[in-house]
Amino acid sequence: MTSRTRALRDILWTLALAGLVAAVFRLWYGLGATTNLSDAFPWGLWKILNMVGGVALSTSGFTVGFLVYVLRLKRFQPFMKPAILIAFLGYGCSCLALLFDIGLPHRFWHPVVMWNINSFLFEVFWCVMLYFTVTAIELAPVLFERFRAERIAHALHKAAFVVVVIGISLSSLHHSSLGSLFLVTPQRLHSLWYTPWLPLLFIISAMGAGLMVVVLAKLIWARWYDPASILGPNTGQQIPLIRIDNGSPAVSFSRGPEGPEMPHVRAMASIAAGILGLYLVLKIADLFLHGGWPALTVGTWESWLYSAELILTAILPVLLVIIPKSRYSPAGIGLAAASAAIGLALNRLDVGIFGYIRDAGAVYFPSLIEWAVGMGVVAAAGIFFLFLSENLPIFGPIRGSVDGRPGLFRLTYGSLSQLWQTALTDNLHRVTLIAVFVIPAAFVLMYPPFHSDSTSVGTVRPARGIDAERTILFIDGNNDGVETIFAHADHQKRLGDSASCVKCHHVSMPGDRSTPCSRCHLRMNESYNIFNHEYHLSAVVEDKHITGLYPANFACRECHAGGNPETSQSAKNCLECHKEDMFPGGLPAADCDLMTANPFREAMHQTCIECHQKEAERVNKPRLADCQSCHQSLQPRQITRTIAEKADGR
Amino acid sequence: MNGILVDVTKCTACEKCVAACVERNSKSLLKAERDRAVTSDGLSAERLSTVIKVDDGRFARKSCMHCLEPSCVSACLVGGLTKTQDGAVIYDSDKCIGCRYCMLACPFHIPRYQWDKTVPYVVKCDMCFDRITQNQQPACVVACPEGALKFGDRDKLLQEAHAEIRQHPQRYMDHVWGETEFGGTSVLYIADVDLNSLGWPVNEAAAIPSLTEPLVHKTPFIGLGVAVSLIGLNWIVKRRNKLMGNDPEKETPEEKHD
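Top to bottom, those sequences are chains P and G.
Okay, so the first sequence: first residue is 1 according to our numbering, each after it adds one.
Okay, so the second sequence: first residue is 1 according to our numbering, each after it adds one.
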């Protein structure tokens, strides 16, 4: 493993782990809380970039299959396996991202049994599903060969032509249909991108850029593992472009020795550039035929985006391949390939997202979680790509020297001990290792529900009675299993039967005389805002018979009579309305603002201890005010009054 | 085929239709009011219909138009949306997978999503399907105090609308929105102002399924055509190689792997 691939691996693992954490959040909290998708933008990053873009960049499987099996161009045979692997992983990660995108992921199989043959999305679903199976079948021989199951591999090889033909037919359908998906929005998609030719443009661009992706993968692979195959044996030698032969200067494009694979890469890139050139011609013809030209010349941001996309997808790659200097250099071909791939992704984003911004009147930018999941599945596919291409004969024979252990399956990340050893010595590795753990952790900690001001239901556990009369109550507010046994009926009798309720139940909900403590004291150790603003708003509207378009807007003044801002300070005292119905004669009014409730623990201690202390003096039983008179489970030495008072902050 | 005729000149934006809609769909009035404030047109998963301002002093009820050839019905990949014989476009939550293609496909931006739910569904007006099957009128039509909403057979409503326009030529524009736009809709509008802000197209627009359905029905044959031409092409290449004598059968790619 070179340090270059290690850095890449670290980045991929970080992204994949962050994606995993984000995906859990997505499933747990739902789409609205975790994404920036909205009614104005129902389709976002996952569908457009991961699905429509990702599938388009994975066309390689069918285009290379066409060249190798149908046109029988044997020179491209070495591209076949990488192309199939890219297609398989590309489709796999696209479908995975889609699984997080759909609102009800557990119903992903519905289109298999519930059909609507009028829907392009239905057709895309079936084609993608079948084609994914086809790529798996195409990839299977490599696995079988690896595990010496040669007879099965041979049988699959025999069927290869049939499988490839099925694959190409399915691909030609769904790649164009991905464009047809957007045909339903003639009124909404920007006129630069909306055209009846969308299906045609989609498949042509995908074919060109898909070939470019194989070229790029091949070049990067060679750069890392096998430079000689591209650059030739003597890479350090400078070869001048213009040579003097026989005394007369002549421009020569033979760049001296180059690797045995470079001519094939160049031929592949030339084919791709040819297709992209056709795409360029179609795009320009489409501009004039379908009325996009006026929209391009007005100079809106869409027209600039359109131009940038076209330059990246078609013009730049075609130029780079036409110009001999760049055609004969791996860097030039690589740049052309990368430009085409980025341009294609941008094109899909334009058609799926940017083209709708003007109509929606809103802007969509994916949330952190959307980026994390979207990039995470791509990173996971990248990890699989590295793992499979190193351990299976994809780009050539298995490269045993990759980590010094030939022919062995091993974890892509190396064993754990290796990880720690390198982490302690290698700076870059240490940083990325920390990032692997810190970034997911930061996700967890930054997520709003983890530091919210707890507006949801409280956590105090209500007291449980053993019977309907609540003779004995088991009080365990913090739910730690240590219960305080409270003789409810006994206290009732001692404090004076029916008149006794208000002595403890100092405030009750309207129409109630003994609201349970945990109804308001919802938090164990912190004060809690118990005022329900929304409810009061609707209650006032109903009570005062306010009518009109926005009745709630006229309800504010009922409480916030004076001045702005409308805060709890400027509102009128709760007791002006709730004197009788909530105050059966407990605490004096000044003690209670009815807005916030004390912590449960403090409330329980206040209520019991004061009364117990008085009673202890009165009947001269000092131990009545001790902690363990209530907390029976505690041993006398476990808790002293000082500790208890300190804990209560008194 | 039922329909609703909306007379924009009579609407006073009292929003009693919206309140009735919220009540009929068992939504929370408070949440509906909240969504009125935060959405651009007042439609949300809690507020299936809304009243929007279409011009100075002109308001119109906006909800599902119940197209005669609905784009959403054509787009839904599991067939979760249906155009019924009664004219309503209804949604089957048991089929929905949550792909939200209907939301993209609707030219009027009608279907809304329950974004805040963990198990979300699409929400849209169903013309009070349970009520109209029991020969009752939709809740909004019953609630309207101004008679701006009329429910009945679409053809009769269309005749009524044209009669009304003929009777008061100075009061209305000579156009019934929904008669032909997008292949016609069950909800019709007459007004004295342009209703483009409701989503009606400026120019004549064809039904959206007519743009896609002929194409999608051709796809199996295109696929077969591609397969046949591939086999043909392969045969030609094979034969040419054979005649040129430079590519014996044993060197074909299928055999070459070992």
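Treat the hints as calculated values from the structure; they're not laboratory data.
Ideal placement from N, C-alpha and C gives every residue a C-beta, glycine not left out.
Hints are not guaranteed to be accurate.
Capping the alpha-carbon separation at 25 Å, the derived lysine-lysine pairs in DSS-like fashion look like this [what the hints assert, rightly or not]:
(1) G:Lys238 / P:Lys74
(2) P:Lys544 / P:Lys579
(3) P:Lys544 / G:Lys27
(4) G:Lys242 / P:Lys74
(5) P:Lys544 / G:Lys31
(6) G:Lys31 / G:Lys83
(7) G:Lys53 / G:Lys16
(8) G:Lys238 / P:Lys158
(9) P:Lys544 / G:Lys53
(10) G:Lys16 / G:Lys27
(11) G:Lys242 / P:Lys158
Partial chain P-side listing against chain G, Cβ under 10 Å, derived [stated by the list, open to error]:
(12) Val184
(13) Ser538
(14) Val540
(15) Phe554
(16) Arg557
(17) His560
What follows is a list of derived Cβ distance ranges for each label pair [stated by the list, open to error]:
(18) G:Val237 / P:Arg148: 30 to 36 Å
(19) G:Thr12 / P:Ser500: 57 to 63 Å
(20) G:Lys156 / P:Ile284: 47 to 53 Å
(21) P:Pro196 / G:Thr82: 48 to 54 Å
(22) G:Thr82 / P:Tyr535: 34 to 40 Å
(23) G:Thr82 / P:Ser527: 41 to 47 Å
(24) G:Gly232 / P:Ile311: 33 to 39 Å
(25) G:Thr133 / P:Leu289: 43 to 49 Å
(26) G:Pro201 / P:Ala331: 47 to 53 Å
(27) G:Gly57 / P:Thr547: 19 to 25 Å
Each hint tested on the structure:
1. G:Lys238 / P:Lys74: holds, 12 Å
2. P:Lys544 / P:Lys579: The hint holds at about 19 Å.
3. P:Lys544 / G:Lys27: holds, 22 Å
4. G:Lys242 / P:Lys74: holds, 15 Å
5. P:Lys544 / G:Lys31: holds, 20 Å
6. G:Lys31 / G:Lys83: violated, 29 Å
7. G:Lys53 / G:Lys16: holds, 15 Å
8. G:Lys238 / P:Lys158: holds, 16 Å
9. P:Lys544 / G:Lys53: Distance of about 29 Å is beyond 25 Å: violated.
10. G:Lys16 / G:Lys27: holds, 15 Å
11. G:Lys242 / P:Lys158: holds, 20 Å
12. Val184: holds, 4 Å
13. Ser538: holds, 6 Å
14. Val540: Interface hint status for Val540 of chain P: violated (12 Å vs cutoff 10 Å).
15. Phe554: At about 12 Å, which exceeds the 10 Å cut-off, the nearest Cβ of chain G leaves the hint on Phe554 of chain P violated.
16. Arg557: violated, 17 Å
17. His560: violated, 18 Å
18. G:Val237 / P:Arg148: 30 to 36 Å: At roughly 33 Å between Cβ atoms, Arg148 of chain P and Val237 of chain G fall inside 30 to 36 Å, so the hint holds.
19. G:Thr12 / P:Ser500: 57 to 63 Å: Once the Cβ atoms are compared, 58 Å apart, the range 57 to 63 Å for Ser500 of chain P and Thr12 of chain G holds.
20. G:Lys156 / P:Ile284: 47 to 53 Å: holds, 51 Å
21. P:Pro196 / G:Thr82: 48 to 54 Å: This hint is violated: roughly 28 Å between Cβ atoms.
22. G:Thr82 / P:Tyr535: 34 to 40 Å: About 39 Å separates the Cβ atoms of Thr82 of chain G and Tyr535 of chain P, which means 34 to 40 Å holds.
23. G:Thr82 / P:Ser527: 41 to 47 Å: violated, 53 Å
24. G:Gly232 / P:Ile311: 33 to 39 Å: With a Cβ separation near 38 Å, Gly232 of chain G and Ile311 of chain P satisfy 33 to 39 Å, so the hint holds.
25. G:Thr133 / P:Leu289: 43 to 49 Å: holds, 48 Å
26. G:Pro201 / P:Ala331: 47 to 53 Å: The hint (47 to 53 Å, Cβ to Cβ) holds, given that Pro201 of chain G and Ala331 of chain P are roughly 50 Å apart.
27. G:Gly57 / P:Thr547: 19 to 25 Å: Given a distance of about 21 Å, which is inside 19 to 25 Å, the answer is holds.
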